[in-house]
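Asks: Protein chains in written order, with full-length UniProt numbering: chain P, 1 to 657; chain U, 1 to 258.
Hints listed in this document are in silico derivations from the structure and should not be mistaken for laboratory results. Just to be clear, a hint being listed does not mean it is correct.
[Claimed, not checked] Covered by chain P, per the in silico footprint, the following chain U stretches (three or more residues, Cβ under 8 Å):
id, stretch
1, 26-36
2, 69-81
[What the hints assert, rightly or not] For each label pair, taking beta carbons as the anchor points, the in silico distance ranges come out as:
id, chain 1, residue 1, chain 2, residue 2, range
3, P, A126, U, P89, 46 to 52 Å
4, U, H39, P, L192, 54 to 60 Å
5, P, L564, U, T70, 16 to 22 Å
6, P, T345, U, S225, 53 to 59 Å
7, U, D25, P, A529, 52 to 58 Å
8, U, L111, P, V356, 26 to 32 Å
9, U, S73, P, A434, 57 to 63 Å
10, U, G192, P, W536, 35 to 41 Å
[To be verified] Computed far set for chain P versus chain U, every beta-carbon distance over 10 Å:
id, residue
11, R26
12, L53
13, I103
14, A538
15, Q543
16, M627
All residues carry an ideal CB built from backbone N, CA and C; glycine is no exception.
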Amino acid sequence: MNVKAMIWLLAAAGLGLVLWVMAAMRLLPGGWPAFPFDPQGMTLDQILLTFGLMPRGVIALVAGAALGLSGALLQAVLRNPVADPTTLGISGGAQLALVMATILAPGLLEYGRWPVAVIGAGLAAALVMSIGARRAFAPVTMVIAGMLVAMTASAIATAVTLARGEYLLSLVIWNGGSLVQQDWSGVRILALVLGFGAVAAALLARPLRVLSLGAAGAQGLGMNVAAVRFAVVVVAVVLAAAVSAELGLIGFVGLAAPALARSMGARTMGQVLAIAPLIGALILSVCDGVVLTLAGATGEMYPTGALTGLIGGPLLIWLLPRLRGSTPPGTEAGEGPGTRLARPTRVLGGMACAAVMLALVLVWIGRVPGGWAVLDWDSFRAFLPLRLPRLIAAGAAGALLALAGAVLQRLTANPLASPEVLGVSGGASIGYVATLFMFTAPGQGPLTVGTMLGGALALMLVANYARRRDMPAERVLLAGIAVSAMAAAVLSAVMATGSKQSWQVLAWLSGSSSTVGPVQATIMALLAAVVLATAWYARRWLQVLPLGPEVAAGVGLPLIRARLALIGLAGLATGAATVLVGPVSFVGLMAPHVARRIGLARAQDHVLGAALIGAILMIAADFGARMAGFPYELPLGLFASLLGAPWLIWLMMRMRR
Amino acid sequence: MTDPLFTIKGLCVDVPGRRLIHDLDLELPGGQVIALIGHNGSSKSTLLKVLARQIVHSSGGVSFAGRPITDYSPQDYARGLAFMPQTTPPAEGMTVRELVALGRYPWHGALGRFGPDDHVAVDSAMSECGVTEFADQLVDTLSGGERQRCWLAMMVAQQAGTLLLDEPISALDIAHQVEVLSLVRRMCHDQGRTAIVVLHEVNMAARFCDHVVAMKAGRLAMQGSSDELMRPEALEHVYGLPMQVLRREDGGKVAVPA
Numbered sequence: 001m002n003v004k005a006m007i008w009l010l011a012a013a014g015l016g017l018v019l020w021v022m023a024a025m026r027l028l029p030g031g032w033p034a035f036p037f038d039p040q041g042m043t044l045d046q047i048l049l050t051f052g053l054m055p056r057g058v059i060a061l062v063a064g065a066a067l068g069l070s071g072a073l074l075q076a077v078l079r080n081p082v083a084d085p086t087t088l089g090i091s092g093g094a095q096l097a098l099v100m101a102t103i104l105a106p107g108l109l110e111y112g113r114w115p116v117a118v119i120g121a122g123l124a125a126a127l128v129m130s131i132g133a134r135r136a137f138a139p140v141t142m143v144i145a146g147m148l149v150a151m152t153a154s155a156i157a158t159a160v161t162l163a164r165g166e167y168l169l170s171l172v173i174w175n176g177g178s179l180v181q182q183d184w185s186g187v188r189i190l191a192l193v194l195g196f197g198a199v200a201a202a203l204l205a206r207p208l209r210v211l212s213l214g215a216a217g218a219q220g221l222g223m224n225v226a227a228v229r230f231a232v233v234v235v236a237v238v239l240a241a242a243v244s245a246e247l248g249l250i251g252f253v254g255l256a257a258p259a260l261a262r263s264m265g266a267r268t269m270g271q272v273l274a275i276a277p278l279i280g281a282l283i284l285s286v287c288d289g290v291v292l293t294l295a296g297a298t299g300e301m302y303p304t305g306a307l308t309g310l311i312g313g314p315l316l317i318w319l320l321p322r323l324r325g326s327t328p329p330g331t332e333a334g335e336g337p338g339t340r341l342a343r344p345t346r347v348l349g350g351m352a353c354a355a356v357m358l359a360l361v362l363v364w365i366g367r368v369p370g371g372w373a374v375l376d377w378d379s380f381r382a383f384l385p386l387r388l389p390r391l392i393a394a395g396a397a398g399a400l401l402a403l404a405g406a407v408l409q410r411l412t413a414n415p416l417a418s419p420e421v422l423g424v425s426g427g428a429s430i431g432y433v434a435t436l437f438m439f440t441a442p443g444q445g446p447l448t449v450g451t452m453l454g455g456a457l458a459l460m461l462v463a464n465y466a467r468r469r470d471m472p473a474e475r476v477l478l479a480g481i482a483v484s485a486m487a488a489a490v491l492s493a494v495m496a497t498g499s500k501q502s503w504q505v506l507a508w509l510s511g512s513s514s515t516v517g518p519v520q521a522t523i524m525a526l527l528a529a530v531v532l533a534t535a536w537y538a539r540r541w542l543q544v545l546p547l548g549p550e551v552a553a554g555v556g557l558p559l560i561r562a563r564l565a566l567i568g569l570a571g572l573a574t575g576a577a578t579v580l581v582g583p584v585s586f587v588g589l590m591a592p593h594v595a596r597r598i599g600l601a602r603a604q605d606h607v608l609g610a611a612l613i614g615a616i617l618m619i620a621a622d623f624g625a626r627m628a629g630f631p632y633e634l635p636l637g638l639f640a641s642l643l644g645a646p647w648l649i650w651l652m653m654r655m656r657r
Numbered sequence: 001m002t003d004p005l006f007t008i009k010g011l012c013v014d015v016p017g018r019r020l021i022h023d024l025d026l027e028l029p030g031g032q033v034i035a036l037i038g039h040n041g042s043s044k045s046t047l048l049k050v051l052a053r054q055i056v057h058s059s060g061g062v063s064f065a066g067r068p069i070t071d072y073s074p075q076d077y078a079r080g081l082a083f084m085p086q087t088t089p090p091a092e093g094m095t096v097r098e099l100v101a102l103g104r105y106p107w108h109g110a111l112g113r114f115g116p117d118d119h120v121a122v123d124s125a126m127s128e129c130g131v132t133e134f135a136d137q138l139v140d141t142l143s144g145g146e147r148q149r150c151w152l153a154m155m156v157a158q159q160a161g162t163l164l165l166d167e168p169i170s171a172l173d174i175a176h177q178v179e180v181l182s183l184v185r186r187m188c189h190d191q192g193r194t195a196i197v198v199l200h201e202v203n204m205a206a207r208f209c210d211h212v213v214a215m216k217a218g219r220l221a222m223q224g225s226s227d228e229l230m231r232p233e234a235l236e237h238v239y240g241l242p243m244q245v246l247r248r249e250d251g252g253k254v255a256v257p258a
């Protein structure tokens, strides 16, 4: 720990304090309440201060510390610099449990929110860990599994809420992370949990230091690796779940705090475990101070959880080149030889037929009030012009996202690369919002162009990291997560303004294809065909690039030109699809994975297969989104992740080894 | 001696805060197996990567077959010279034949037809390196020695006259080390190719290579035939450690730490 780092910490602490005191002064023209606090003898403002603002200031510190500690523990035990409660799906599991309990069994919550949250978080963690255990806890695999679990949980929770027509409630729940307090009970519970966590972390510090040698090394020194791992994960889960229960989803703090602690010079396990909670507390405190200040200045109340992304995103991007590599080499070797189909052409042909058949069948059947109906010939003719364009557009969007994902995965030789994970979707949504605000009532054309530009720009930013020599996969991933978090924060902030544009963003976020006309459907289909043809022409590049830049340069590939062209292609495809589907879909992650898992190994088969799977997924999702919550329509992208993510999780669990 | 294959003049390579190669002048002959040896951190791998155009040098000039290496287009350079990195990346889901066929990229490019010439080149490369029997197996399922031979076959399919190998035997057992180096030697002597091989094992270098270039702390320590290397004074100069040279029954020399 050097002097410069100390100054930074003190400055952050000072900033947090000043922002809080400013908020308190705005509230309080009169005197401070006297100690001991007795509501009887106070003015209303004093009561608001004592039971609202004061616990709020304290809970920011306590919750931030709990998240920082949870993240530090997870990163240490998994030896994974991108592990934190959000990326491992733990917070998502907690939120799902809370939403389900609220809607289905409100009686459960009588005993307090956090037992429910701990159960949900524990289940999610158990699922992710059981996938990870088969692959020797390889960092990238763990994060794929965690993000899939988180996204499935969030999709289920949102779908359940939306299917009951509680449209806005879901957004409130999911953009959550509001620190508003009514009394000191939340502080008391979290402080107790944090105290327990601190004691447990102190006890586990030495086993963790031994474990940092790797499982084999630790076993050689006589440690019960499984027991230590289990204990550490339990502590981390309890900490994260308690925060989720009290405050909702606050991303990023658990990820950024340990990373910052390390870059400030915390070297040993004990130092990281001690400093990460401190930094976490300061991050959340400063973020909440900014929210309070904004609330005082503009009268708008932003959820603090959204702001952590806005501050944490750039912080992480700044931090990335300074991070020391902390993943030992060889930990990604757990994948084993993949499968490979002997006759890919037949499978591809079958999938193409399936896609066409599916589209035809789904035009035919539909849901009417009180049941299902198969259309007769006359109504078929009447419905065809209504339903076919949206199915075509959905299929094309799915194919575009899947193509972008396949190209990015091959370009970076990183199985996690996809438009959603690399922040391209996030950048595209910022582009969408920016276009909304820059032009009055922009049409579909400018919106599409703006979204494409946003996607391409975000990809440039992330690719800047991917391009550097020896930049490990998880660091590129961190850059992507940072861009995504920033985009999510921008969207939440726009939504919180309640302006005219915010309603358009809301409608777009729920990603419906209901407004698609024949012209737009044709354009999307053409675009998908062009991107597919381009990717097919670039198949030799895509075959060589996964072998890494050394080999690619060795056989004479024009590296810079190839990279720029492929990045541009992926950005364009993502932008076009995002306009229709909205930023949350994960088709771009799932479809290329599924294609590879079923054994489409050659570049051209892989790209074509991914496109077909993406189209099938999205057509099915469009149908499901129309039918599942009838008469309400569910968001398209959300339904796509609901379909694909569990399948991919199942595939990962089934893998050998 | 004919024209040198590589002519290096005043070569400097820098990384932020450090100079890896100091003002190196060197000429490397063609048609031979050349060993690049030296202690850890002597910049032998760096030199190889400069020759392969994997890293850009800071100053000085390198020319390959009479032309500065910066003049070549990526494709032209790959037709003349093939490079194998120290750690070969996992070739997920790729068969041996597909991997070897990647070596044809400099000839057919991104869009050109994979013609009869290409098929012939791939087949003969596989048989030259003895991997024909694995042609339709996945690369990742093979053993270390077999995989190394597949990568060599890819370089052969590239039909480049010059092969650059960065520690090709460091992960192999002794039998496979001999096998891979014999193959490299045979490829050079039978087909008139040049190979520049970074090696750690001084005895392997002396036994399989015609010419030895020794680096020390970013500078040339010595170059010459393997007989000139296998002298206690020369070895001590290169490795900074007293060495003894023993004579085998067949007259070959073996160096051991004294």
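Asks: Would you mind marking each hint as holding or not holding in the structure?
Replies: Here is how each hint holds up against the structure:
Closer than 8 Å: that is the beta-carbon criterion, and the stretch 26-36 of chain U has 0 residues meeting it against chain P, so the requirement of 3 is violated. Proximity of the stretch 69-81 of chain U to chain P, defined as three or more residues with a beta carbon under 8 Å from a beta carbon of that chain, is established by the 7 residues found. Checked against the given bound of 46 to 52 Å, the beta carbons of P:A126 and U:P89, roughly 34 Å apart, lie outside it. About 59 Å separates the C-beta atoms of U:H39 and P:L192, a value consistent with the hinted range of 54 to 60 Å.
Checked against the hint of 16 to 22 Å, the C-beta distance between P:L564 and U:T70 comes to roughly 21 Å, which is consistent with it. At roughly 56 Å, the beta-carbon separation of P:T345 and U:S225 lies within the given 53 to 59 Å, and the hint holds. Checking the proposed 52 to 58 Å range against U:D25 and P:A529 shows it holds: the Cβ atoms sit about 57 Å from each other. The supplied range of 26 to 32 Å is met by U:L111 and P:V356, whose beta-carbon atoms lie about 29 Å from each other.
Taking the beta carbon of each, U:S73 and P:A434 are about 40 Å apart, not inside 57 to 63 Å as hinted. Range check, U:G192 to P:W536: Cβ separation about 39 Å, and the 35 to 41 Å hint holds. Look at P:R26: its CB is around 49 Å from the nearest CB on chain U, clear of 10 Å, so calling it non-interface holds up. For P:L53, the non-interface assignment is confirmed: its Cβ lies about 49 Å from the closest Cβ of chain U, beyond the 10 Å cut-off.
Every C-beta of chain U lies more than 10 Å from that of P:I103, the closest at about 43 Å, which supports listing it as non-interface. Residue-level check failed: P:A538 sits 7 Å from the nearest beta carbon of chain U, not beyond 10 Å. Annotated as non-interface, P:Q543 brings its C-beta within 10 Å of a C-beta of chain U; the closest such distance is 7 Å. With a least beta-carbon separation of about 37 Å from chain U, P:M627 lies farther than 10 Å from that chain, consistent with its non-interface assignment.
Of the numbered hints given earlier, the model fails hints 1, 3, 9, 14, 15; all others are met.
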